[in-house]
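Asker: Residue strings, one per chain:
Protein chains: 2
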Amino acid sequence: MAGRQAGRVVALCGGIGGAKLALGLYNILEPGMLTLIVNTGDDFEHLGLHISPDLDTVLYTLSGVADPERGWGRADETWNFMTELGQLGGETWFRLGDRDLATHVLRTAWLRGGKSLSDFTELSAHALGISAKILPMTDHPVRTVVETAEGNLAFQDYFVRRRCEPVVKRIRFDGAAEAKPSPKATNALSGPDVRAIVICPSNPYMSIDPILAVPGLQCAIKNATAPVIAVSPIIAGNAVKGPTAKIMGELGRVVNTQTIATHYRDLIDALVIDESDGRDVAGIRTPIMATRTKMESLADRIRLGREVIGYGDSLTQKSAERAARVGQ
Amino acid sequence: MAGRQAGRVVALCGGIGGAKLALGLYNILEPGMLTLIVNTGDDFEHLGLHISPDLDTVLYTLSGVADPERGWGRADETWNFMTELGQLGGETWFRLGDRDLATHVLRTAWLRGGKSLSDFTELSAHALGISAKILPMTDHPVRTVVETAEGNLAFQDYFVRRRCEPVVKRIRFDGAAEAKPSPKATNALSGPDVRAIVICPSNPYMSIDPILAVPGLQCAIKNATAPVIAVSPIIAGNAVKGPTAKIMGELGRVVNTQTIATHYRDLIDALVIDESDGRDVAGIRTPIMATRTKMESLADRIRLGREVIGYGDSLTQKSAERAARVGQ
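Taken in order, these protein sequences are the chains called A and B.
Residue numbers 1 to 328, in the numbering used here, belong to the letters of the first sequence in order.
Residue numbers 1001 to 1328, in the numbering used here, belong to the letters of the second sequence in order.
Everything labelled a hint here was simulated from the structure, so no lab data went into it.
Ideal Cβ positions, reconstructed from N, Cα and C, are used throughout, including at glycine.
Treat the hints with care, since some could be wrong.
[What the hints assert, rightly or not] In silico contact screen, one side only, chain A against chain B (beta carbon under 8 Å); selected entries:
| hint | residue |
| --- | --- |
| 1 | Leu47 |
| 2 | Glu84 |
| 3 | Gln87 |
| 4 | Leu88 |
| 5 | Asp98 |
| 6 | Leu101 |
| 7 | Ala102 |
| 8 | Leu123 |
| 9 | Ala127 |
| 10 | Ser131 |
[Unchecked claim] Listing some non-contacts, in silico: residues in chain B with all C-beta distances to chain A over 10 Å:
| hint | residue |
| --- | --- |
| 11 | Gly1048 |
| 12 | Arg1074 |
| 13 | Glu1084 |
| 14 | Asp1100 |
| 15 | Thr1103 |
| 16 | Asp1139 |
| 17 | Lys1169 |
| 18 | Gly1237 |
| 19 | Val1255 |
| 20 | Asn1256 |
| 21 | Thr1262 |
| 22 | Asp1269 |
| 23 | Ala1282 |
| 24 | Glu1307 |
For reference, chain A alone in the conformation it holds in the complex (with noise of 0.2 Å):
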């Protein structure tokens, strides 16, 4: 695989934006040097089915057959489940594919069967022939609740049902402080060989703090060797997508640069953002790349992840050199 880069590189992902760039750093790294840590906390139980929405959308995007439309589910996908669901008097407001339904069907066998979540997605990883190590956040349930001013919601009736209409005054993750983290993912992140740490341009209050909700991730990251970079979401003073704008006004965060590295300052080293808001970055002490961070292209993901990494390894080499005079 000619051109691909050495290196072992772990990432917090949440669903679409954040798959965008893990399919960036996929693309330009050594087949088995990418691993991700991805939220759980989106899953829930749906007409006893278990659903994964954001581990799904990680393997559907690495493996080619996420629908590239949609962002969400997979492509050239067809709803006939979907439609006699409905004639039955089924809810209908989460759309299930047939194809996509294969995924949740075997899923929830394998957990009623007594497999784990780290075992059914490393069982499709492999079928789909992802070489990158996917990795559930924590294999015990954490669940994202959005307390809203309409009363508490389950993340995926605020996030669908609801269309992340209701005004979000808190969003706890129940579960999180007792959950185990998948033992692959604290020794992912604890490995003396990791090049670097991304966290993905996630939605950071809904995607990457229930990954970081869990003690034992937060501590592993903490105490990791590599430098620990975030991607911001911001672009130009407002989200690329979804509702992270939205939710950080209510929950009374300005939209900017400021914010993000505010959020993450305790645990990385570094903040990238977005070329737009370069001038966005006054009393910000974390170090800054700016960059263009939108991603509408295979090759704008590619390169992002490209020029992650080398920033990461640009830190990396900066404390050697400290270190070294230090001791001199």
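On the provided structure of chain A, position chain B as indicated by the hints.
Answerer: Okay, now just chain B, sitting in the frame of chain A:
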């Protein structure tokens, strides 16, 4: 609904063959006048889904969405779920269509939520616009086990996975002796207004016997005042379709009308046989009507249904005349 007949009819049936006559009866009776008691011995749990093959065949047949070629499953079916399931390494020996899957997923969710199989069947029949009452023989688990020369096989293992190849030694119905019948089924059978009880030309050993193995149902049929009429599945000394003849041979039974008459002798008042077997009745004491029982078209189904009901009426008439003579 001009031309439709009054009076309630209760029919016992399994899947494909039985559903043909059920459809004929459904077409000639006034709405709400047909009750079907359906075999659930073939039910099984597959990929975590509760599948009721015979109930589904009856539901799909009566609502007009059954696939006319295959004989099972739905028309205009697609198989994308199955394709992706195979890609993920899931078991694909039992074919589940995308449309069909809505029934299995919703039924499983209902059962897990504490509803009964009867509840779900009623919902589905209503949603599919069926005015007949379709009742599972019981809401308790009964599982048909085929004892073969190659060991004991769950029904679908024998029937679908092994394509009925292993030699049958005995068929048993685990759970039947303890199963309580659906109260709606016993009520339907024992009502004083029942015009006829019809045993459809399903496989007697695999589709009707499990129903009769539920003690409450066998009693209710024996105590019923309405005439009980079985339609033989034998045509010209062979079974129309499926493994009936092969199984009869393996169980040491001759494939003819006499065997069927003997099988049902304690239960039925009359037997309807195919005209091709009209001379094969020596020694049978059960009243017999010979007609054309092969059902190729909807017209065949309707004609046979009408003849069976008419034959039942004539038996009722005779017995009334006999009672009147005795009373003189």
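Asker: A separate judgement is required for each hint: does it hold in the structure or not?
Answerer: Results of checking the hints against the structure:
Interface restraint check: A:Leu47 against chain B, minimum CB-CB distance 5 Å, threshold 8 Å, status holds. A least Cβ separation of about 4 Å between A:Glu84 and chain B falls short of the 8 Å threshold, and the interface hint therefore holds. Here the hint on A:Gln87 is kept, as its CB sits about 6 Å from the closest CB of chain B, short of 8 Å. Because the closest C-beta pair between A:Leu88 and chain B is about 5 Å apart, less than 8 Å, the hint holds.
Hint status for A:Asp98 relative to chain B: holds, with the closest Cβ pair at about 4 Å, below 8 Å. A cut of 8 Å between beta carbons decides the hint on A:Leu101: the least distance to chain B is about 5 Å, and the hint holds. Hint status for A:Ala102: holds, given a least beta-carbon distance of 4 Å to chain B, under 8 Å. Annotation: A:Leu123 was flagged as interfacial toward chain B, and the flag holds, the nearest CB pair being 7 Å apart, inside 8 Å.
Below 8 Å, beta-carbon pairs count as interface contacts, and A:Ala127 has one with chain B at about 5 Å; its hint therefore holds. The beta carbon of A:Ser131 comes no nearer than 17 Å to any beta carbon in chain B, farther than 8 Å, and the hint placing it at the interface is violated. Not every CB of chain A is more than 10 Å from the CB of B:Gly1048 (nearest about 4 Å), against its label as outside the interface. Non-interface call for B:Arg1074 relative to chain A: violated, since the shortest CB-CB distance, roughly 8 Å, does not exceed 10 Å.
Remark: the non-interface label on B:Glu1084 conflicts with the geometry, its nearest Cβ contact in chain A lying 4 Å away (cut-off 10 Å). Here B:Asp1100 does not stay apart from chain A, with its beta-carbon only about 8 Å from theirs, under the 10 Å limit. In this structure B:Thr1103 is not separated from chain A by more than 10 Å, as the shortest Cβ-Cβ distance comes to only about 7 Å. With 10 Å as the threshold on Cβ separation, the claim that B:Asp1139 sits away from chain A holds: the shortest Cβ distance comes to roughly 18 Å.
No Cβ of chain A approaches the Cβ of B:Lys1169 within 10 Å, the least distance being about 31 Å, so the stated non-interface status holds. Every beta carbon of chain A lies more than 10 Å from that of B:Gly1237, the smallest distance being close to 41 Å; the non-interface claim holds. Every CB of chain A is more than 10 Å from the CB of B:Val1255 (nearest about 39 Å), matching its label as outside the interface. Listed as outside the interface, B:Asn1256 is consistent with that label: its C-beta sits roughly 42 Å from the nearest C-beta of chain A, beyond the 10 Å cut-off.
Under the 10 Å C-beta cut-off, the non-interface status given to B:Thr1262 relative to chain A holds; the minimum distance is some 42 Å. Listed as outside the interface, B:Asp1269 is consistent with that label: its C-beta sits roughly 38 Å from the nearest C-beta of chain A, beyond the 10 Å cut-off. Every beta carbon of chain A lies more than 10 Å from that of B:Ala1282, the smallest distance being close to 51 Å; the non-interface claim holds. Every Cβ of chain A is farther than 10 Å from the Cβ of B:Glu1307; the closest lies at roughly 34 Å, confirming the non-interface assignment.
Violated hints for the displayed structure, listed by number in ascending order: 10, 11, 12, 13, 14, 15.
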